[in-house]
Amino acid sequence: MSVNSMPAVLIVDDEEMVVTSIRAFLKLETDFAVHGFTDPEQAAKFIESNQVDVAVADYIMPKMNGIQFLGRAKQVQPEATRVLLTGYADKQSAIQAINELALFQYLEKPWDNAALLLVIQNGIERAQLIRTLRDKISELDLAHSNLKDVQSRLLRAFM
Amino acid sequence: MAEDAGLACRVDDGERLRAQLEAANRRLAEAYSLASLGRLVTGIVHEMNTPLASILSNNAVMQHGLETLRKLLAEPGEGERARALEILEQLRSLAAVDKTACERISALIPGLKAFARVEEAAVQKADLNAILKSTLALVRCECRARVSFELDLAELPEVECYPQSLYQVFLNLLVNAEQAIEGQGAVKVSTRLEGDRVRASVADTGRGIRPEDRANIFRPGFTTKPVGVGSGLGLSICRQIVVDRHGGRIDFESEPGLGTTFHVWLPLRQANPDGSAARSNSQES
Chain A
6 MSVNSMPAVL
16 IVDDEEMVVT
26 SIRAFLKLET
36 DFAVHGFTDP
46 EQAAKFIESN
56 QVDVAVADYI
66 MPKMNGIQFL
76 GRAKQVQPEA
86 TRVLLTGYAD
96 KQSAIQAINE
106 LALFQYLEKP
116 WDNAALLLVI
126 QNGIERAQLI
136 RTLRDKISEL
146 DLAHSNLKDV
156 QSRLLRAFM
Chain B
74 MAEDAGLACR
84 VDDGERLRAQ
94 LEAANRRLAE
104 AYSLASLGRL
114 VTGIVHEMNT
124 PLASILSNNA
134 VMQHGLETLR
144 KLLAEPGEGE
154 RARALEILEQ
164 LRSLAAVDKT
174 ACERISALIP
184 GLKAFARVEE
194 AAVQKADLNA
204 ILKSTLALVR
214 CECRARVSFE
224 LDLAELPEVE
234 CYPQSLYQVF
244 LNLLVNAEQA
254 IEGQGAVKVS
264 TRLEGDRVRA
274 SVADTGRGIR
284 PEDRANIFRP
294 GFTTKPVGVG
304 SGLGLSICRQ
314 IVVDRHGGRI
324 DFESEPGLGT
334 TFHVWLPLRQ
344 ANPDGSAARS
354 NSQES
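Protein chains in written order, with my numbering: chain A, 6 to 164; chain B, 74 to 358.
Just chain B, with the same shape it has in the complex:
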């Protein structure tokens, strides 16, 4: 009896410690998520600033243009009519610019909202392509002049997942891809449906991963980036989210000097929505 009680106590302790470790890991991932968003802020501000600058300028021009139109319409001569039509054309072009500008700002909102939201506890159905597009909108702000991005997204069913944590996975992979490129380069993001799971791939034309580093890249604290750039947590958090949390798989192919492709496979359905099944799956992988 006493032995049984002791065993139960140790099992309880183990459960408690595991819960604490998981909570600590989650807090670390959240802190990392905010920190990685913080690093993108300069680019995001610039991305919003440019369309905003156009909208502000256009608004002042439109008001003045409309006033000029009013005066021209009061004197309906041939010259006035021609000038009025010219102004109308200019105003039309400004309205089109304003629409594009608003769309550019709007594209940043879903990603920003996702990073600002508190971690969700329950599994939700989400559009993986939309998550990738919103994350890409944030990352490209920083490097659009240097890196071209290509999307090759297949039609996918909704995926049962923790969407906010997937934003973090793709943010880490896209930032890594962009940072691996010295000078000009390209990043291709693709998705495919493969039976009862989906695959998302991020391919860069960067420097590649050296063979001696490959075994370590998912290890917490391992980084080849300079101090202040890499914390060594990005890929370990990706692995934790994809494998431990979703029961998925993450892997990569790399050719030094040519580039790296990371693949993430996620099951369409979570066997046990509280994540415990995902954990048992991960032990097999």
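This is chain A alone, in the form it adopts within the complex:
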């Protein structure tokens, strides 16, 4: 999986205008690598081989809705932060998304740029913390198995 040196944000919305607006906003205000898609299937392919910190998805899209897309993202990159951006103030879809996807945030259109940026920044921090934690746990697992190895060798030496 290719890893960016700068935080990576993925946006998928079947409306080109939404992708362009958010991409332009993030490009002007941040140093994030921004990957925009209007086709959720292409976006799903992209996350299979590219690490992202935050995935922002529209809800109603042809072929695959936002909940289905974020479900795929969760399978491939569980540590990436998932955000649903929707024009429908539909409480049912929000509850479903939060329960099924461990959704980080549910935003409504029209979005506020400052609020969106804050959600994305917090999401990046969360994803990076989870990755650091995962790395530390595997280091700890390695150290633990080394220690067990030494212990069993010591035991063999003394017995």
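With a cut-off of at most 16 Å between alpha-carbon atoms, the simulated EDC-like pairs for lysine to aspartate or glutamate come out as follows: (1) B:144 - A:34; (2) B:261 - B:225; (3) A:32 - B:162; (4) B:172 - A:21; (5) A:68 - B:255; (6) A:32 - B:159; (7) B:206 - B:231.
What the hints contain is simulated information worked out from the structure, not anything from laboratory work. As the structure is a prediction and not an experimental result, all values here were calculated from the model.
Please arrange chain B on chain A, whose structure you already have, making use of the hints.
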């Protein structure tokens, strides 16, 4: 003499009752028109909300971007120039998005205006293709993720008609087409000039009409849709508007499992603009 007076009285009564019935039918069609628009409101609000969200976001970004540009221009180094050009490109892309967004909102206005207008009394010359496009703009809001729409519109002369009532006809046919499709599907709208009349057709890839239902579909109150979805009035109102009001014809072809096509034929000219000729035409059809 007394017999003649009695006959005249009965004829008057008949005329009066027919006028009352027509007025009641018209009020019913108007109420139905508002109700059908009401059902589309969620989709229309969403359709306006998305471009509006982009415009609002872009406006804030543009203001900030312009401010950054001003600062960069005050320090004319190579790095500043490159950054300024980059910002200019982004601002240009936002201006293009705003134009598209405004066009998307504008496309909804003619249809909304037509449904909000009080029923017109006089025949007007209207562009049938424009009526179809405006109605389609409203209907696709609800189902754009599920249904693809194709337009195949021939060049047509203006048609003498009651334009607002035709919006209702095509709204009913397009909503029916969209509702007949379970899951993904397509709707094709076409128009043709056929001698002294025009034909508009709405074809869907939906479930089709069962042979046993075909004789009843224009009957008021008949519906195969679930309670709360269909009132059974849509097609009967279409028939009333096309046949009784315009002296036209409405018909359909259907293949269960494959889809249905509704055809509406309208005369280019109304023989008698107050609609009475249209009524006599309809008796022949």
